[in-house]
Amino acid sequence: MKCDPPLYRAAPPSLAVKPRLIRHLFVPPLIILLMIALGYVTYLYSETNAIKALGENGQRQLELHARTVESEINKYNYLPSVLELESNVSDLLNHPSGELRSKVNDYLEGLNRRSRSRAIYVLDTTGRVLATSNWRDADSYLGEDLSFRAYYQDAIRGLPGRFYGIGSTTGEPGYYLAHGLEEKGKIIGVAVIKVRLEALEERWQRARLEAFVSDENGIIILSSDPARRLKSVRPLTAEIKERLARSLQYYWWPLNELVPLERESIADGVEKLTFPANTSVDHEHTVVSYLAQTRELADTPWHLTLLTPLEDLRREAANQGMLVAVACALVAFLLIAWNERRKVISTRLAAREALEQANNELERRITDRTADLRASNERLKGQIRERRQAEETLRQAQDELIQAGKLAAIGQMSTSIAHELNQPLAALRTLSGNTVRFLERGALDTASANLRTINDLVDRMGRITASLRAFARRGEDKGQASLGKAVEAALQLLAARLDNASLKLHQQIDDVELGIDQTRLEQILVNLIGNALDAMQAQPSPILWLEGEVFEGRYRLRVRDNGHGIDAEARKHLFEPFFTTKPGEQGLGLGLTLSASLAAAAGGTLNAEDPAEGGTMFVLVLPLVDRGAAGV
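In the UniProt record's numbering, the protein residues as written are 1 to 632.
Hint data in this document are derived by calculation from the structure and do not stem from the laboratory.
Just so you know, even glycine gets a beta-carbon here, dropped at the ideal spot from N, CA and C.
Label-pair restraints from in silico Cβ distances:
| no. | residue 1 | residue 2 | range |
| --- | --- | --- | --- |
| 1 | 246 | 170 | 19 to 25 Å |
| 2 | 311 | 256 | 21 to 27 Å |
| 3 | 342 | 376 | 41 to 47 Å |
| 4 | 268 | 311 | 23 to 29 Å |
| 5 | 160 | 311 | 41 to 47 Å |
| 6 | 85 | 268 | 42 to 48 Å |
| 7 | 570 | 373 | 48 to 54 Å |
| 8 | 256 | 209 | 19 to 25 Å |
| 9 | 71 | 125 | 28 to 34 Å |
| 10 | 263 | 301 | 20 to 26 Å |
| 11 | 429 | 612 | 48 to 54 Å |
| 12 | 613 | 429 | 46 to 52 Å |
| 13 | 85 | 256 | 43 to 49 Å |
Could you build all of it, start to finish, from the sequences and the hints given here?
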């Protein structure tokens, strides 16, 4: 439909084009920058507040765990002074002898076992071990000179000896508590107990707690992450390194510095640190950021540091930032939508007048076109009636073609059928003549046997004619058929050809009910088996396979022969009308076309395949009918 030019004039150029272009170019980037800025500010604000709350909670956790560490350390403080009460210890220090040493060794061994410490031993004023709880071990401390140890040097001066280090004899780390043994106001020896603090580390690991304890030199002596143990939290001066080497406190351990990937001081004793992830705790990240909070441990120069991961906190802050950014984008979108809708309303109001003018013209044209449409509608109705009549004629022609195909098949089988009937007829003629003579002679038994034979021959002829009559009868598109009966009927119709061909039949099918008319199924089977017999005429040992199986609610029947097969080019045209591979005028080229049409009408398929074993195989697929439903 064409419209008059005056109704749709082109809009004149407007000076508003440039501002609109500027808005389209600059507004989206500005909105994106605003989203990013608001999201980042929200992220920083959320992270700051969360770190503050995390620090307050971490301070309480730090206090709790610090008291636990202090309790674990101090529970053995009393033990070295207990030895002052044992007279054998004082006697050994004043008058060393083998007998006293054995008694004290046994006493220390029992005390060590009851207290569950690592070792308890006694040193004389020169720093030599006189008795020890591990006197039975190969690496016993007995006779060792430990005067170089700091805990001995403090205890011999009357000060509490507290020391963490690696044993020079066993190489095991431990916490040493030393006490000067006095008699009459004079120190006569030193009692030392060595304990292991690995229980604290194991407790932290089970609780998935990140923490470590560092000594007065900044050396990490206890850690939930074994990779951090015996590393320094700050650079060691040359003086400290020399003193540690001289005292063999950590034996010859390298004492490398634990350098964080990032460090940011927040407050006194509070830092943000980034370390490589502890693989025993975190399997997802390669680096982890922590909020590090440090507290001094009472009665020791040590410090406990609690590391709280910040990954969840930062993830939550990022989520809040993204939420604000999305909210900003939503508000911007709503504002843009409101502005665009305002423009649309303005445009509609401006266009309403032009639409009213165009409407009058369109009404006139609609009136003119209505008449044309009515005429076209009448013509279309007539064409529809003609097409329906053509479809009905085509359906009738198809039915006639199917019937003609069956009659053609009967015609092709006529020679075999005549042979099947001629033999019983000849036998009937002979037997009836003999029966008359036997009756005249009075041989009633022989005549009776002949009459029974005649009766069997008549039944056989009746079955042949009944099969032909059922095969020629018109069928319906829908219905149900017994596969076993259909195969039996088809083989009965082709019995003469089967006998003449000396065929070997392999039959492996199920007696199932299929959703197709009985006669139509028989017609398909007669066509397929007849074609197989034609294909095996030159085969000295013809074999026919009838095999079936249930597949996804359908039944798949395979009809295979060991004939010469069909080439790929001919297989493309097998189901076309009047196409045949049979020589001369033996075939009409309608059998497979009709069979495929009958299968399709029942909701099934018929296809030809080229089996690897040779020959030809046709696959007939038809829907199954539930026996219970069929019987209702």
